[in-house]
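Construct the complete structure from the given sequences, taking the supplied hints into account.
Note that the protein sequences, when read in sequence, are chains D and A. Okay, so the first sequence: first residue is 2 according to the numbering used here, each after it adds one. Okay, so the second sequence: first residue is 1286 according to the numbering used here, each after it adds one.
Each computed DSS-like pair below joins lysine-lysine, with the alpha-carbon atoms no more than 25 Å apart:
| id | chain 1 | residue 1 | chain 2 | residue 2 |
| --- | --- | --- | --- | --- |
| 1 | A | Lys-1363 | A | Lys-1327 |
| 2 | D | Lys-58 | D | Lys-71 |
| 3 | D | Lys-100 | D | Lys-57 |
| 4 | D | Lys-71 | D | Lys-57 |
| 5 | A | Lys-1327 | D | Lys-100 |
| 6 | A | Lys-1368 | A | Lys-1327 |
| 7 | D | Lys-71 | D | Lys-100 |
| 8 | A | Lys-1342 | A | Lys-1327 |
| 9 | D | Lys-71 | A | Lys-1327 |
| 10 | D | Lys-100 | A | Lys-1363 |
| 11 | A | Lys-1342 | A | Lys-1363 |
| 12 | D | Lys-100 | A | Lys-1342 |
Because the hints were derived from the structure by calculation, they are not lab data.
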Amino acid sequence: TQLLEQSPQFLSIQEGENLTVYCNSSSVFSSLQWYRQEPGEGPVLLVTVVTGGEVKKLKRLTFQFGDARKDSSLHITAAQPGDTGLYLCAGAWAGNNRKLIWGLGTSLAVNP
Amino acid sequence: EPEVTQTPSHQVTQMGQEVILRCVPISNHLYFYWYRQILGQKVEFLVSFYNNEISEKSEIFDDQFSVERPDGSNFTLKIRSTKLEDSAMYFCASSEMQSGANVLTFGAGSRLTVL
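Structural data, given as structure tokens:
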């Protein structure tokens, strides 16, 4: 069974702090996506990484795909209350990029 | 910005009843999906659909489930005889046909509660 493990499961920080959340697997993925989900809504895509070692930036968010394409991290700089939400990673297997395997998510609360 | 729309947003049904969840994918997308998320659990793949047929389904998608694209815009998920364990958020998604990384756009979900 292909598993994506996310850590930490819950994170509560103060506005202005930096944080990193992780997405790890023992399996190789052809691509990995990060989503953000608000309560009562569907996941919204933040970024897709496809190349080992790739780093992508989205304003204060930095995403990195591990060299071996088994893990990824999301770093948020100077977190704001608007960053509060559930951050999900989802991976696609090589040869089957239409079926996503999901992590359980990191629930982030940024307190003002 | 184009979006995937789902109806109903919330449906409550009795065990054993049939349920149809509806989705309108993004108009130029060619792949359609259903995922579900049981409360507190991971998002799970149910089925993918392309060219008017199922391209892949998970072990969850047994003969109680079916999907259909009855016209040029709607994509439906039918559960023939609901069970308590079918209670979940059901997400529809669509994507363009492309090679490499696949970009899915998700709807807001339909919450199904089976009593």
